[in-house]
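*Asks:* Taken in order, these protein sequences are the chains called A and B. Throughout the first sequence, residue numbering follows my numbering, covering 4 to 463 in sequence. Throughout the second sequence, residue numbering follows my numbering, covering 4 to 463 in sequence.
FYI, nobody ran anything at the bench for these hints, they're computed from the structure. You may find that some hints are simply not true.
Which copy is meant is left open, so a pair is good if it fits within one copy or across any two.
[Stated by the list, open to error] Result set (EDC-like, lysine to aspartate or glutamate): computed pairs, CA atoms no more than 16 Å apart in a straight line: (1) 382 to 454; (2) 177 to 191; (3) 344 to 256; (4) 34 to 440; (5) 364 to 318; (6) 455 to 8; (7) 56 to 271; (8) 34 to 318; (9) 297 to 362; (10) 239 to 354; (11) 297 to 191; (12) 35 to 318.
2 protein chains.
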Amino acid sequence: MTKIESRVDSEIDILTSQLQQLIRVPSVSAKKQLTVIQCAKLVSEIMTNAGIKSELLKLDDNSEQIPPLVYGEVRSKSNPNGKTILFYNHYDVQPPEPIELWDDDPFSGKIDGNFIFGRGASDDKGELITRIKAVEYFLKEVGDVPCNVKFLIEGEEEIGSSHLEEYLTKYREKFRCDAVIWEFGNVDEHERPIISLGMKGLLCVELNVMCANTDLHSSWAVLVENPAWRLVHALKTIRDENGTIIIKNWYDDIRDFSPEELECIKQEDFDISNFKKNYGLSNVFNENDIDKVKKAHVGGVTSNISGLFSGYVNEGSKTVLPSTAMAKLDFRLVPDMLPQKQFQLLREHLDKNGFKDIELKFLSGEPACRIPLNNEFVKLVEMCAIEEYGKVVKSISSAGTGPMWYFNKILECPCVSIGCTYKYSRIHSPNEFARIDLIKKTTKCIGNIMEKFGKSKEDN
Amino acid sequence: MTKIESRVDSEIDILTSQLQQLIRVPSVSAKKQLTVIQCAKLVSEIMTNAGIKSELLKLDDNSEQIPPLVYGEVRSKSNPNGKTILFYNHYDVQPPEPIELWDDDPFSGKIDGNFIFGRGASDDKGELITRIKAVEYFLKEVGDVPCNVKFLIEGEEEIGSSHLEEYLTKYREKFRCDAVIWEFGNVDEHERPIISLGMKGLLCVELNVMCANTDLHSSWAVLVENPAWRLVHALKTIRDENGTIIIKNWYDDIRDFSPEELECIKQEDFDISNFKKNYGLSNVFNENDIDKVKKAHVGGVTSNISGLFSGYVNEGSKTVLPSTAMAKLDFRLVPDMLPQKQFQLLREHLDKNGFKDIELKFLSGEPACRIPLNNEFVKLVEMCAIEEYGKVVKSISSAGTGPMWYFNKILECPCVSIGCTYKYSRIHSPNEFARIDLIKKTTKCIGNIMEKFGKSKEDN
Numbered sequence: 004m005t006k007i008e009s010r011v012d013s014e015i016d017i018l019t020s021q022l023q024q025l026i027r028v029p030s031v032s033a034k035k036q037l038t039v040i041q042c043a044k045l046v047s048e049i050m051t052n053a054g055i056k057s058e059l060l061k062l063d064d065n066s067e068q069i070p071p072l073v074y075g076e077v078r079s080k081s082n083p084n085g086k087t088i089l090f091y092n093h094y095d096v097q098p099p100e101p102i103e104l105w106d107d108d109p110f111s112g113k114i115d116g117n118f119i120f121g122r123g124a125s126d127d128k129g130e131l132i133t134r135i136k137a138v139e140y141f142l143k144e145v146g147d148v149p150c151n152v153k154f155l156i157e158g159e160e161e162i163g164s165s166h167l168e169e170y171l172t173k174y175r176e177k178f179r180c181d182a183v184i185w186e187f188g189n190v191d192e193h194e195r196p197i198i199s200l201g202m203k204g205l206l207c208v209e210l211n212v213m214c215a216n217t218d219l220h221s222s223w224a225v226l227v228e229n230p231a232w233r234l235v236h237a238l239k240t241i242r243d244e245n246g247t248i249i250i251k252n253w254y255d256d257i258r259d260f261s262p263e264e265l266e267c268i269k270q271e272d273f274d275i276s277n278f279k280k281n282y283g284l285s286n287v288f289n290e291n292d293i294d295k296v297k298k299a300h301v302g303g304v305t306s307n308i309s310g311l312f313s314g315y316v317n318e319g320s321k322t323v324l325p326s327t328a329m330a331k332l333d334f335r336l337v338p339d340m341l342p343q344k345q346f347q348l349l350r351e352h353l354d355k356n357g358f359k360d361i362e363l364k365f366l367s368g369e370p371a372c373r374i375p376l377n378n379e380f381v382k383l384v385e386m387c388a389i390e391e392y393g394k395v396v397k398s399i400s401s402a403g404t405g406p407m408w409y410f411n412k413i414l415e416c417p418c419v420s421i422g423c424t425y426k427y428s429r430i431h432s433p434n435e436f437a438r439i440d441l442i443k444k445t446t447k448c449i450g451n452i453m454e455k456f457g458k459s460k461e462d463n
Numbered sequence: 004m005t006k007i008e009s010r011v012d013s014e015i016d017i018l019t020s021q022l023q024q025l026i027r028v029p030s031v032s033a034k035k036q037l038t039v040i041q042c043a044k045l046v047s048e049i050m051t052n053a054g055i056k057s058e059l060l061k062l063d064d065n066s067e068q069i070p071p072l073v074y075g076e077v078r079s080k081s082n083p084n085g086k087t088i089l090f091y092n093h094y095d096v097q098p099p100e101p102i103e104l105w106d107d108d109p110f111s112g113k114i115d116g117n118f119i120f121g122r123g124a125s126d127d128k129g130e131l132i133t134r135i136k137a138v139e140y141f142l143k144e145v146g147d148v149p150c151n152v153k154f155l156i157e158g159e160e161e162i163g164s165s166h167l168e169e170y171l172t173k174y175r176e177k178f179r180c181d182a183v184i185w186e187f188g189n190v191d192e193h194e195r196p197i198i199s200l201g202m203k204g205l206l207c208v209e210l211n212v213m214c215a216n217t218d219l220h221s222s223w224a225v226l227v228e229n230p231a232w233r234l235v236h237a238l239k240t241i242r243d244e245n246g247t248i249i250i251k252n253w254y255d256d257i258r259d260f261s262p263e264e265l266e267c268i269k270q271e272d273f274d275i276s277n278f279k280k281n282y283g284l285s286n287v288f289n290e291n292d293i294d295k296v297k298k299a300h301v302g303g304v305t306s307n308i309s310g311l312f313s314g315y316v317n318e319g320s321k322t323v324l325p326s327t328a329m330a331k332l333d334f335r336l337v338p339d340m341l342p343q344k345q346f347q348l349l350r351e352h353l354d355k356n357g358f359k360d361i362e363l364k365f366l367s368g369e370p371a372c373r374i375p376l377n378n379e380f381v382k383l384v385e386m387c388a389i390e391e392y393g394k395v396v397k398s399i400s401s402a403g404t405g406p407m408w409y410f411n412k413i414l415e416c417p418c419v420s421i422g423c424t425y426k427y428s429r430i431h432s433p434n435e436f437a438r439i440d441l442i443k444k445t446t447k448c449i450g451n452i453m454e455k456f457g458k459s460k461e462d463n
C-alpha cells in the first residue's frame with residue numbers, strides 16, 4: 004500500500020466530514036439560490052486548506068447572475084514541464100423535489116454506516132472530494148504532486164452548463180492541459196468502475212398552452228378549449244407509444260457506431276433483472292433483446308416528459324377549466340445531433356401539426372461527444388482502475404449528458420470518466436447517497452492516475 | 004315600493020358586512036379544513052340573529068368528518084297550514100388556487116364600489132345572504148312570514164354533495180316542502196335573471212400512473228417507460244381533438260330534448276362575441292352555429308381535464324424521469340346518464356385499450372335533473388322576477404352541476420334557480436366577486452316570491 008493509500012484510509016473521517024459540509028450548502032443552480040455562490044466559496048476554501056492555489060473566475064465584472072468557476076492549480080516541483088491533468092467537476096446540484104419523498108432533510112449529509120445521504124452526495128460533491136483529497140494527500144505525504152494539476156469546478160452543470168463554453172473560451176490558456184478526468188464515474192452492480200468515454204447531448208424545452216385569460220368554471224368546457232387537452236393532443240404527435248420520436252428528420256444526424264464501438268458495447272453487460280428489481284419496474288423496453296438494451300443505453304435518443312402541470316392538483320376535485328397547461332421535455336441526443344437544430348425541427352413539427360399557438364421555450368442544450376477508444380490516456384486510466392478495483396468496464400458513452408463536447412473542442416484533449424458513483428445511488432432522485440467504500444477506492448485510484456500520468460511524460 | 008324593499012335598500016351595509024364575515028371564514032370543503040365547521044356555526048348564528056330557528060344536523064354522532072347541514076325554519080303565524088318554501092344553499096366554497104392570480108387575499112371580502120371580492124362572494128355566500136335577509140326583513144317589518152320557510156344549507160356542494168342524498172333521506176320529514184329555491188341564479192350580460200330549471204350531472208375521476216418506484220435520472224428514459232407519456236397516450240384515447248368523447252357507448256343514455264325544451268333553447272340567447280372578449284378567447288366550439296352553441300350550453304356533455312401533474316414543474320429544468328403522473332378529469336352528464344355507469348364505461352375503456360395498470364379513482368358523481376317547463380311554481384318565480392328585473396330568461400338547465408336530482412327524487416317537488424350571480428363574476432376562478440346591486444334586487448325578488456307563494460295557497 005502506498006503512503007497515499009494509507010492516508011486515504013486513516014483520514015476517511017475528515018474526508019466525509021468535509022463532504023457533509025459541502026452537502027449542507029444547498030447549491031441548486033436551477034433555483035438561482037444565493038447559496039450556490041456560498042458553495043463555490045466553500046469549495047475554494049477547502050482547496051486552499053488542501054494546499055491547492057485557488058481562485059473564483061468570472062466571465063466579466065457585471066456577471067453577478069452567473070455562478071463563478073472555481074479554479075485550482077498545483078504545479079509539480081519535481082516535474083514542472085511534465086504533463087498537466089485537469090479535474091473537471093461541479094459544485095451545483097439538482098433540485099431536491101419531491102422533498103416529501105426524502106427520509107431526511109435533502110441537505111442533511113446524514114451518515115449511516117457505509118452511506119452518506121443528501122442531494123449532491125454522489126453527484127457531484129462526492130466525486131469532487133476524491134480529486135481534492137488525492138492532491139492534498141500527495142502534498143502532505145510527499146510535499147509535491149507527480150504531475151501538474153488543474154481544477155475546473157463549475158456551478159451550472161445541472162442546468163446544462165450554460166456558460167461553460169464561454170468560460171473555456173475566455174480562459175483557454177489557463178485551462179490548457181493534456182487530459183481531463185471527467186466529473187463523474189459510475190460503479191456497476193458487480194463493483195466494477197465504468198470508464199466512460201462519451202456523453203450524450205441534451206435538449207430541454209418547455210411547452211406552454213394558454214386558452215382563456217383566466218381559469219374558468221369547468222361547465223364552460225362545452226364551448227371553450229381546454230389547454231390541457233390541447234397539450235395532450237400536441238404531445239401525442241411527438242412520440243408514439245413505443246417510445247419512437249415521430250418528428251420528421253429527427254434521427255437524420257445520428258452517426259453510426261464504428262466497428263470498435265460495437266465491439267465495446269458487446270463487452271459491456273447489463274443486468275436487466277437486477278435493474279428491474281432495484282427500481283420496481285414491471286418491464287423495460289426491448290428487454291428480450293439484450294443487444295438492443297445495451298445499444299440504447301450508450302447510444303439511444305429519447306423524448307422524456309420531466310414535468311407536467313395544469314389546473315388543480317391538490318386533494319379532491321376542483322371543477323375548473325384551467326387557463327394554461329405546461330410540459331417540460333428533455334431529449335437526449337447522440338453524435339452528431341445539435342440541440343439548436345433539433346429544437347428547430349420540433350418547432351416546425353408543432354407548426355405543421357396545427358399547434359402554432361403553443362409557446363416553445365428553449366431551456367438548455369448541449370451536443371454529444373465521444374472520445375476514441377484507442378486513446379493513450381484511456382489506456383492509462385484503465386490500468387489504474389484495474390489495479391484498484393481488480394476489474395473494469397469500458398463504455399463508449401454515458402447515458403447522461405455533460406459538456407464534454409466543449410472540452411474536447413476547445414481544449415483539444417481527451418476526457419475520461421472514472422469515479423465513485425454507485426449505479427443505484429439515486430442521483431437526481433430522493434434519498435441520493437454515496438458509498439464511503441467507493442469514495443476511498445476512487446481517491447486512491449485518482450492518486451494512482453496522477454502518479455502514472457506524471458511518469459508517462461518522463462517515459463516519453 | 005314595499006316595506007321589505009325599502010329595508011333592503013336602507014340596510015344594505017349591514018347585509019354586505021355580514022357577507023364579508025362569511026367570506027372571511029375559508030370553508031374549502033375539498034381541503035377538509037376545520038374552518039368549514041366554523042363557517043356552518045357562523046351561518047347558524049346569523050340565522051338565529053335574523054329570527055330564524057336554526058340547528059346543525061348530523062348524519063350520526065360519529066360523523067365528525069362530514070360537514071353538518073345548517074337547518075333553519077320559520078312557521079308562518081298567519082298562514083301556518085299554507086305552503087312551505089325551502090331555500091337550498093351551501094356554505095362551502097371552491098379552493099382558491101391559483102392564489103398568486105388573486106389581486107387580494109382570496110378571503111378578504113374587500114369591497115370596491117359595487118363589487119365585493121372573495122372566494123364564495125357569489126358562489127354561494129352571496130346567494131345565501133339574500134335568502135336569509137328576505138326572511139329577516141319580513142320578520143322585522145311585519146312580524147311574520149307570508150309562507151312557511153325552511154333552509155337546507157350544506158357544506159359539501161363543491162365536492163359533489165357527497166352526503167346530501169343520505170341527509171335528505173334521513174331528514175325527509177323535516178325537509179318536507181312544496182317548492183325549492185335553488186342555491187344559485189345567474190344574471191346575464193343584459194341584466195336578465197336566468198330562471199334555470201335543471202342541472203347537469205357530473206363525474207369526477209382521478210387517473211394515476213406509476214412506472215418506477217422512485218423518480219429516476221432522465222437518461223434512463225431509453226429503457227424505462229415514462230408515466231407522463233403513458234398518461235398522455237391513455238388520455239388521447241378518451242377525447243378527440245374536436246372535443247368528442249370517444250369512449251364506446253358514452254352517449255347511449257342521453258335523453259333527447261322535448262319540443263318544449265327545443266323551443267325554450269331557441270328563446271335563449273348567447274352573446275358569443277361578448278363571451279369571447281370577456282375571457283380572451285380566440286375561438287369557441289361551433290361558434291358559427293349559434294343553435295349548436297346554445298344546445299351545448301344547456302345540454303352538452305364534456306370531458307374536462309381539471310388537473311395534470313408529473314415530475315418537476317418549478318423554474319428551469321430538472322432531468323428527471325418521474326415515478327408517477329396524475330390527471331383529474333370531470334365529465335358533465337345530462338339526463339339520463341348515471342355517474343356510476345359512465346365510470347364503469349371509462350374503466351372498461353382503459354382496460355380494453357391496454358391501460359389496466361392505470362389506477363382510476365371515483366372522486367364524486369351526481370346525476371343530472373330537469374324540472375318540466377309548465378310547472379306552476381316555475382310560472383310564479385318567473386312573474387316575480389319580471390316584476391323586479393323587468394325581463395327574464397328561462398333555461399332548461401344550468402351548464403353546471405348540483406344535487407337537484409336528489410331533491411326532486413326524495414322531496415318530490417320542483418326546484419327553481421333565481422339569484423344574484425352575475426355571469427362573469429369569476430366563480431371557481433381567481434378574483435371572484437359579487438355585485439351589490441344584484442344582491443339587492445335578488446333579496447327583493449325572494450321577498451316577492453315568499454309573498455306570492457303564501458297567497459297561492461289562499462287562492463287555491
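*Asks:* So, for every hint listed, does it hold in this structure?
*Replies:* These are the hints, each one checked on the structure:
1. For the identical chains of this complex, residue 382 and residue 454 are intra-copy neighbours only, at 14 Å inside a copy versus 98 Å across copies, given an alpha-carbon limit of 16 Å.
2. Taking identical chains as interchangeable, the C-alpha atoms of residue 177 and residue 191 are never at most 16 Å apart, the minima being 35 Å within one chain and 72 Å between chains.
3. Taking the closest pair of Cα atoms, residue 344 and residue 256 come within 16 Å of each other only inside a single copy of the chain (10 Å); across copies the shortest separation is 51 Å, beyond that limit.
4. In the homo-oligomer, the alpha carbons of residue 34 and residue 440 never lie at most 16 Å apart, since the shortest distance is 32 Å inside one protomer and 47 Å across protomers.
5. Taking identical chains as interchangeable, the C-alpha atoms of residue 364 and residue 318 lie at most 16 Å apart only when they sit on different chains, with a minimum of 12 Å there against 30 Å within one chain.
6. Taking identical chains as interchangeable, the C-alpha atoms of residue 455 and residue 8 lie at most 16 Å apart only when both belong to the same chain, with a minimum of 15 Å there against 98 Å between chains.
7. For a Cα distance limit of 16 Å, the shortest separation of residue 56 from residue 271 qualifies neither inside one copy, at 39 Å, nor across copies, at 81 Å.
8. In this homomeric assembly, residue 34 and residue 318 come within 16 Å of each other (Cα to Cα) only across copies, at 6 Å, whereas the closest approach inside a single copy is 26 Å.
9. In this homomeric assembly, residue 297 and residue 362 never come within 16 Å of each other (Cα to Cα): the closest approach is 36 Å inside a single copy and 32 Å across copies.
10. Only within a single protomer do residue 239 and residue 354 lie at most 16 Å apart by alpha-carbon distance; the minimum there is 14 Å, versus 20 Å between protomers.
11. In this assembly of identical chains, the alpha carbons of residue 297 and residue 191 lie at most 16 Å apart only when taken from the same copy (14 Å versus 64 Å across copies).
12. Taking the shortest alpha-carbon separations for residue 35 and residue 318, only the inter-copy value of 9 Å comes in at or below 16 Å, while the best intra-copy value is 30 Å.
Of the numbered hints given earlier, the model fails hints 2, 4, 7 and 9; all others are met.
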